[in-house]
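*Asks:* Here is what each chain is made of, one letter per residue.
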Amino acid sequence: MATIIGLISQKGGVGKSTLARALAREAAAGGLRVKLADLDTQQGTSSNWHRRRLEAGVKPEFSVEAFKTAAQALRIASDYDMLVLDGPARASAATLEIGRQAALVIQPTGASVDDLYPAVLTFHEMVRDGIPRDRLVFVLCKIGTDAEEAEARTYIAQAGFDALAGSIPERPAYRQAQNIGLTITETRFPQLNRRADELLQNVVDRING
Amino acid sequence: MADFKKLRRNLPAPPTAAEAPANLSAPEMAPTDGRSARATGRTKQLATRVREEFHDELKLYAAKHRLKLVEVLERGHEALKASQKNSC
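Line by line, the protein sequences give chains A and B. Sequence positions in the first sequence follow this note's numbering and run 1 to 209. Sequence positions in the second sequence follow this note's numbering and run 210 to 297.
Honestly, I wouldn't trust all of these hints.
Taking lysine-lysine and the DSBU-like style, the derived pairs with C-alpha atoms no more than 35 Å apart in a straight line are [unchecked claim]:
| id | chain 1 | residue 1 | chain 2 | residue 2 |
| --- | --- | --- | --- | --- |
| 1 | B | 277 | A | 11 |
| 2 | B | 294 | B | 277 |
| 3 | B | 268 | B | 253 |
| 4 | B | 253 | A | 68 |
| 5 | B | 290 | B | 253 |
| 6 | B | 268 | A | 68 |
| 7 | A | 11 | B | 290 |
| 8 | B | 290 | B | 273 |
| 9 | B | 294 | B | 253 |
| 10 | B | 294 | B | 273 |
| 11 | B | 268 | B | 294 |
| 12 | A | 68 | A | 11 |
| 13 | B | 253 | B | 273 |
| 14 | B | 277 | B | 253 |
| 15 | A | 59 | A | 11 |
| 16 | B | 290 | B | 277 |
| 17 | B | 294 | A | 68 |
| 18 | B | 253 | A | 11 |
Among chain B residues calculated to face chain A with C-beta under 10 Å, some are [stated by the list, open to error]:
| id | residue |
| --- | --- |
| 19 | 211 |
| 20 | 220 |
| 21 | 221 |
| 22 | 227 |
| 23 | 230 |
| 24 | 232 |
| 25 | 235 |
| 26 | 267 |
| 27 | 271 |
| 28 | 272 |
| 29 | 274 |
| 30 | 285 |
| 31 | 288 |
| 32 | 291 |
| 33 | 296 |
If you're looking for bench data, these hints aren't it; they were derived computationally from the structure. Keep in mind the model is a prediction, meaning the values are calculated, not measured. All C-beta atoms, glycine included, are put in the ideal place defined by N, C-alpha and C.
Produce the entire structure from the sequences given, and follow the hints as far as they go.
*Replies:* The structure is reproduced here in structure tokens:
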């Protein structure tokens, strides 16, 4: 059975696809059979990105597929070592289903209250509906300064949730890499790659307990 | 002059669990109003690659005649079938 990682959020543009692609890439590089499931067929963010990756001939290759529903994606989990679910920018019954099936539910968020407030509400709702709190983690993305990150961490801690150590800073190089089918661990800048990789390692460590 | 650099900028308190909404009971697929796709029967997607000039020409024609692209396609197809019938 695959290790299932769900990337969810009520909002768009917070970093779901960014993290999902990087997780899948690193898992593939580590020799795992990995499937990245793009659950937003309207936008197809990861599916379109995968097309760019294939056209550029970037290695390692891994499978990205669009699914209409979370249930459809979850059904093929047993064929893989890891299933990364890149959820749509909307909370629904499917978000709850992802929470029930996943080893870890990651909710990326920016540091603004506009991002943090609905993100905390979504996790509160998942806990209320039976998802174990320790299965839910925030990842801070598009961070500008250390002070901003510290404030966001305090906010999340006050709400009673965990934020993984590390963060993804706001850098054009991350966007540029993804524009050409690369991940945030494949930019031209080793320091940025390392920073992203350290965050992904924290995801692995969290799953391993 | 006041030194605003030292002003503490803490974020407000986060929402409590009691404030959690009921989004997770919403259906996975957002409901539609059922007017456009169902009424027209145009429920299948059709995608293809075309030359840039043809793309621009098609768009301009549709705009000029206040047609949707699908209407241009449908009418074009009907015209093609009619012309083939006439030539037989």
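*Asks:* Against each hint, give a clear statement of whether it holds in the structure.
*Replies:* Against the structure, the hints:
| no. | hint | in the structure |
| --- | --- | --- |
| 1 | B/277 <-> A/11 | holds (31 Å) |
| 2 | B/294 <-> B/277 | holds (26 Å) |
| 3 | B/268 <-> B/253 | holds (20 Å) |
| 4 | B/253 <-> A/68 | holds (14 Å) |
| 5 | B/290 <-> B/253 | holds (21 Å) |
| 6 | B/268 <-> A/68 | holds (30 Å) |
| 7 | A/11 <-> B/290 | violated (47 Å) |
| 8 | B/290 <-> B/273 | holds (24 Å) |
| 9 | B/294 <-> B/253 | holds (27 Å) |
| 10 | B/294 <-> B/273 | holds (28 Å) |
| 11 | B/268 <-> B/294 | holds (28 Å) |
| 12 | A/68 <-> A/11 | holds (19 Å) |
| 13 | B/253 <-> B/273 | holds (26 Å) |
| 14 | B/277 <-> B/253 | holds (15 Å) |
| 15 | A/59 <-> A/11 | holds (30 Å) |
| 16 | B/290 <-> B/277 | holds (20 Å) |
| 17 | B/294 <-> A/68 | violated (41 Å) |
| 18 | B/253 <-> A/11 | holds (28 Å) |
| 19 | 211 | violated (20 Å) |
| 20 | 220 | holds (5 Å) |
| 21 | 221 | holds (6 Å) |
| 22 | 227 | holds (8 Å) |
| 23 | 230 | holds (6 Å) |
| 24 | 232 | holds (4 Å) |
| 25 | 235 | holds (5 Å) |
| 26 | 267 | violated (23 Å) |
| 27 | 271 | violated (23 Å) |
| 28 | 272 | violated (25 Å) |
| 29 | 274 | violated (29 Å) |
| 30 | 285 | violated (27 Å) |
| 31 | 288 | violated (32 Å) |
| 32 | 291 | violated (36 Å) |
| 33 | 296 | violated (40 Å) |
Of the numbered hints listed earlier, those contradicted by the structure are 7, 17, 19, 26, 27, 28, 29, 30, 31, 32 and 33.
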